Amino acid sequence: MTNDDAPRWKAAVFGSRDENPRSLLPKTDEEPDPDEPSSEAKPFAAPSVPRQGRGRSGLPSRALRDRRRGQRPAEHAGIREWHAMNSEERRAAWPQLVAWVTWLHDRYELSVETRLPRCWSQHPGLIEELYALKVWREEIYGAKGPSGQAARYWHNELRQLITGGVMFYARNCRSGHKSDGVVPAAISPEIQSAWSAGDPLAGVPADLLAVAKKESMSDRDLFLTTATMAAHLASGNATPMSRSVDTFVSYQQFWWKRTDDGWAKVTDVVTSQGLDFRQSHLAEADARVTAFTTRSNRPAES
Numbered sequence: 001m002t003n004d005d006a007p008r009w010k011a012a013v014f015g016s017r018d019e020n021p022r023s024l025l026p027k028t029d030e031e032p033d034p035d036e037p038s039s040e041a042k043p044f045a046a047p048s049v050p051r052q053g054r055g056r057s058g059l060p061s062r063a064l065r066d067r068r069r070g071q072r073p074a075e076h077a078g079i080r081e082w083h084a085m086n087s088e089e090r091r092a093a094w095p096q097l098v099a100w101v102t103w104l105h106d107r108y109e110l111s112v113e114t115r116l117p118r119c120w121s122q123h124p125g126l127i128e129e130l131y132a133l134k135v136w137r138e139e140i141y142g143a144k145g146p147s148g149q150a151a152r153y154w155h156n157e158l159r160q161l162i163t164g165g166v167m168f169y170a171r172n173c174r175s176g177h178k179s180d181g182v183v184p185a186a187i188s189p190e191i192q193s194a195w196s197a198g199d200p201l202a203g204v205p206a207d208l209l210a211v212a213k214k215e216s217m218s219d220r221d222l223f224l225t226t227a228t229m230a231a232h233l234a235s236g237n238a239t240p241m242s243r244s245v246d247t248f249v250s251y252q253q254f255w256w257k258r259t260d261d262g263w264a265k266v267t268d269v270v271t272s273q274g275l276d277f278r279q280s281h282l283a284e285a286d287a288r289v290t291a292f293t294t295r296s297n298r299p300a301e302s
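Residue numbering for the sequence shown follows full-length UniProt numbering, beginning at 1 and increasing consecutively.
Careful: at least some of the hints might be erroneous.
[Said to hold, decoys possible] If you anchor each label on the Cβ, the simulated ranges turn out as follows:
(1) V266 / A150: 42 to 50 Å
(2) T259 / I187: 16 to 24 Å
(3) A150 / C119: 26 to 34 Å
(4) F254 / D286: 54 to 62 Å
(5) N237 / A283: 15 to 23 Å
These are computed hints drawn from the structure, not numbers from a lab. Small disclaimer: the values here were computed from a predicted structure and weren't measured. For glycine and all other residues, C-beta sits at the position ideal for the given N, C-alpha and C.
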């Protein structure tokens, strides 16, 4: 048989070229027919990662790897300019900054040698520096995986602010103020009153304010903290509506209403007139009670 006869011999035995030789073999239970659909589950083949989303090294990008692990990039509230806030946002942000600086002052012993002058709330530069430190620390310690190195960087910046920044913004104040270094800021009504009365918009140009001119007054013109009002009441600058009603206080020719987090100024004219009318009637009642008490305490004539 010649070489030319070989294809004919194979075709005679196995059939044509297009026919599968395995189809001529007897079928067994162990060997399913490839032409019949199989009921057995095929192993899952993971799809290959497309080129898109890979870095220069050919590996998947960080965002893609995070998605595979079920992770999402950390989301932070970020930092906003004081003049970009509306009145309500500033009214909420300023007490938070005061509370944080109070903690910072006591925790890091910044009263020693007046490392942080108590008049920081009167210096716009220090307000901005401390506000930035507050937001940065919240980002570091609030992250899903806090970084010790980032925390060290933060503490380095704190020392830079205390050693250099304070002298830059308030040189004369630091040398001129005296501090006993004993009373913590958290329990000092004088310190809390002074800090709460600070203006976060000090030094901000009027054209940068995000609110209308009629609403561009500082937060202290619309809201006072509990400590600030307590100081005004103790000094006699503010007076309650009556002996029995202390939820409304008269201060600087305005009525102030007690809220959960401080005192809000009553700006509505009709409401103010109603409070004036109520206060006059309560004053008469207080006068009658005082007169009755005086007569009752007077010694009886013999």
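Right, here's what the structure says about each hint:
Between V266 and A150 the CB atoms are about 46 Å apart, so this pair conforms to the stated range of 42 to 50 Å. A hinted range of 16 to 24 Å for the beta carbons of T259 and I187 is consistent with their spacing of about 22 Å. For the pair A150 and C119, the beta carbons lie near 31 Å from each other, so the given range of 26 to 34 Å is met. At roughly 21 Å, the beta-carbon separation of F254 and D286 lies outside the given 54 to 62 Å, and the hint is violated.
The hinted range of 15 to 23 Å is satisfied by N237 and A283, whose Cβ atoms lie roughly 19 Å apart.
Violated hint: 4 only; the structure is consistent with all others.
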